[in-house]
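Visitor: So the chains spell out like this:
Number of protein chains: 2
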Amino acid sequence: MNKLSVIKIGGNVIDNSEKLHQFLLDFTALPGDKILVHGGGKIATELGDSLGVTAKMFEGRRITDIETLRIVTMVYAGLINKNIVAQLQAKGSNAIGLTGADGNIIKAVKRPVKEIDYGFVGDLDETSVSAVALESLLKAGMVPVLCAITHDGDSQLLNTNADTIASAVAVAMAKRYETALIYCFEKRGVMRDINDDSSLVREIRLGEFDTLKAEGVVSGGMIPKLHNAFEAIKSGVEAVYIGKADELSQIDQQNFGTRLIR
Amino acid sequence: MNKLSVIKIGGNVIDNSEKLHQFLLDFTALPGDKILVHGGGKIATELGDSLGVTAKMFEGRRITDIETLRIVTMVYAGLINKNIVAQLQAKGSNAIGLTGADGNIIKAVKRPVKEIDYGFVGDLDETSVSAVALESLLKAGMVPVLCAITHDGDSQLLNTNADTIASAVAVAMAKRYETALIYCFEKRGVMRDINDDSSLVREIRLGEFDTLKAEGVVSGGMIPKLHNAFEAIKSGVEAVYIGKADELSQIDQQNFGTRLIR
Numbered sequence: 001m002n003k004l005s006v007i008k009i010g011g012n013v014i015d016n017s018e019k020l021h022q023f024l025l026d027f028t029a030l031p032g033d034k035i036l037v038h039g040g041g042k043i044a045t046e047l048g049d050s051l052g053v054t055a056k057m058f059e060g061r062r063i064t065d066i067e068t069l070r071i072v073t074m075v076y077a078g079l080i081n082k083n084i085v086a087q088l089q090a091k092g093s094n095a096i097g098l099t100g101a102d103g104n105i106i107k108a109v110k111r112p113v114k115e116i117d118y119g120f121v122g123d124l125d126e127t128s129v130s131a132v133a134l135e136s137l138l139k140a141g142m143v144p145v146l147c148a149i150t151h152d153g154d155s156q157l158l159n160t161n162a163d164t165i166a167s168a169v170a171v172a173m174a175k176r177y178e179t180a181l182i183y184c185f186e187k188r189g190v191m192r193d194i195n196d197d198s199s200l201v202r203e204i205r206l207g208e209f210d211t212l213k214a215e216g217v218v219s220g221g222m223i224p225k226l227h228n229a230f231e232a233i234k235s236g237v238e239a240v241y242i243g244k245a246d247e248l249s250q251i252d253q254q255n256f257g258t259r260l261i262r
Numbered sequence: 001m002n003k004l005s006v007i008k009i010g011g012n013v014i015d016n017s018e019k020l021h022q023f024l025l026d027f028t029a030l031p032g033d034k035i036l037v038h039g040g041g042k043i044a045t046e047l048g049d050s051l052g053v054t055a056k057m058f059e060g061r062r063i064t065d066i067e068t069l070r071i072v073t074m075v076y077a078g079l080i081n082k083n084i085v086a087q088l089q090a091k092g093s094n095a096i097g098l099t100g101a102d103g104n105i106i107k108a109v110k111r112p113v114k115e116i117d118y119g120f121v122g123d124l125d126e127t128s129v130s131a132v133a134l135e136s137l138l139k140a141g142m143v144p145v146l147c148a149i150t151h152d153g154d155s156q157l158l159n160t161n162a163d164t165i166a167s168a169v170a171v172a173m174a175k176r177y178e179t180a181l182i183y184c185f186e187k188r189g190v191m192r193d194i195n196d197d198s199s200l201v202r203e204i205r206l207g208e209f210d211t212l213k214a215e216g217v218v219s220g221g222m223i224p225k226l227h228n229a230f231e232a233i234k235s236g237v238e239a240v241y242i243g244k245a246d247e248l249s250q251i252d253q254q255n256f257g258t259r260l261i262r
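First to last, the protein sequences are chains A and B.
Going by the numbering used here, the final residue of the first sequence carries number 262, and the count climbs one at a time with no gaps.
Going by the numbering used here, the final residue of the second sequence carries number 262, and the count climbs one at a time with no gaps.
Because the hints were derived from the structure by calculation, they are not lab data.
Be aware that a few hints might be false.
Each pair may be met inside one copy or between any two copies, as identical chains are not told apart.
Unchecked claim - Derived DSS-like pairs: lysine-lysine, alpha-carbon spacing no greater than 27 Å straight-line:
1. K3 <-> K56
2. K139 <-> K175
3. K3 <-> K139
4. K42 <-> K175
5. K110 <-> K234
6. K110 <-> K91
Using the sequences and the hints, build the whole thing.
Guide: What follows is the structure, given as structure tokens:
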């Protein structure tokens, strides 16, 4: 099987043009087939403020009313996605920018209303991602760049968590490619001591996860992140990396963040 | 050679959700390979007004400063393009929404500054369109939906006239497909008497164009439109149609607008 890297970047890279430029250079230099997934960043919130549409949040999650959906569609699928694509093209990656609606690549289900109505938010399941469509683009020599917008197959666009998209894409592609899933975030990875940069945990095996939780090495927001990563590994993804975007170039030297494996 | 239709719609369809819905149904029903090109409509101007960015025009052409480019990128490539794609998917077309940057499908040149600086506007030449990239998407069973944004290959997005894109795409594809170029606009086509709907001219051959100009049947804004259409025909496009979007379903019965042929 060919190798595939599914790489996710978030607001901390997107909001910083210097960082983004360097990341896109490193991304382009990475060998093998690649898919980039990007989140939103501050621009959507800023545009909302300018238009008098304030971001509604519940437990850290954006509530997507129809006005907010318009804004994130403009910012994620338009402004951010197309600027990333134009920059990748200039750097030599044959990028193609997509939402889940394009080529029906990711069909989501609008989140059911329970205590909270999250609005136009899409949830994914194991049937959501079309690996066939993504593979046909990769085989045409293209580099898919996915933003955090999907659709329901019935004309409705849906706002969808970019981490979830990256994971679902990696799992779907793992049947066809030897797939690595790479999350770029603010920290270097899992740290034994949050104040000591040299305490980075280089590798965690699935069987060690419970011990590290018990020891408190993995705590707080890192627990669900690693839980989801190991779920992807259980579903066939070869390895999940969690690290800093500006260290991506060192991934081939096994020198990037924390590597999670079976 | 397989048949291909390149169809362009403008603001009068995009701004009217009923019309757009019907058009997308008719578009989906059209047999053969298809590419849709869409313009902008009022939404970009409205968003600009809301953000205090007023549209600057010169002789009917928008001047695209950096703020305007941000707005048209959000509205054309994000809001309009992705909503059209989601609607086409629901209707059974496997649409994929693209700017010229995506897959390097259309590489433009920033318009040189002469008396007027049009800003971030892209001009096309015979090398701009990648027929290879478009063909690979068509062969993968996808329906490309192009908005009026291109790039210069050096990270810069550019605002580009949608009529020009449609024509350049049709000419580039004509070497690989038996290509028809279809412009949907406000009128039924070329009319002998502008006040008489039954006076539609069904067909104009290249050799008749000068006579119709001399007779005044073709006048005003129709002259450059038809001139460009015949240029496309001289460059290999099989036929160019000019007609009303809501009559598109009758094109197979040779009952749509004015047909221009060699």
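Visitor: A separate judgement is required for each hint: does it hold in the structure or not?
Guide: Quick rundown of the hints versus the structure:
For the identical chains of this complex, K3 and K56 are neighbours neither inside a copy (40 Å) nor across copies (49 Å), given an alpha-carbon limit of 27 Å. Within a single copy, K139 and K175 get their C-alpha atoms as close as 16 Å, and across copies as close as 23 Å, so both meet the 27 Å cut-off. When the C-alpha separation of K3 and K139 is checked against a cutoff of 27 Å, the pair qualifies both within a copy, at 13 Å, and between copies, at 24 Å. In this assembly of identical chains, K42 and K175 lie within 27 Å of each other by CA distance neither inside one copy nor across copies; the values are 35 Å within and 45 Å between.
Taking the shortest alpha-carbon separations for K110 and K234, only the intra-copy value of 26 Å comes in at or below 27 Å, while the best inter-copy value is 50 Å. Proximity of K110 and K91 under a CA criterion of 27 Å is satisfied inter-copy only: 19 Å between copies versus 37 Å inside one chain copy.
Hints 1 and 4, counting from the list given before, are not met by this structure.
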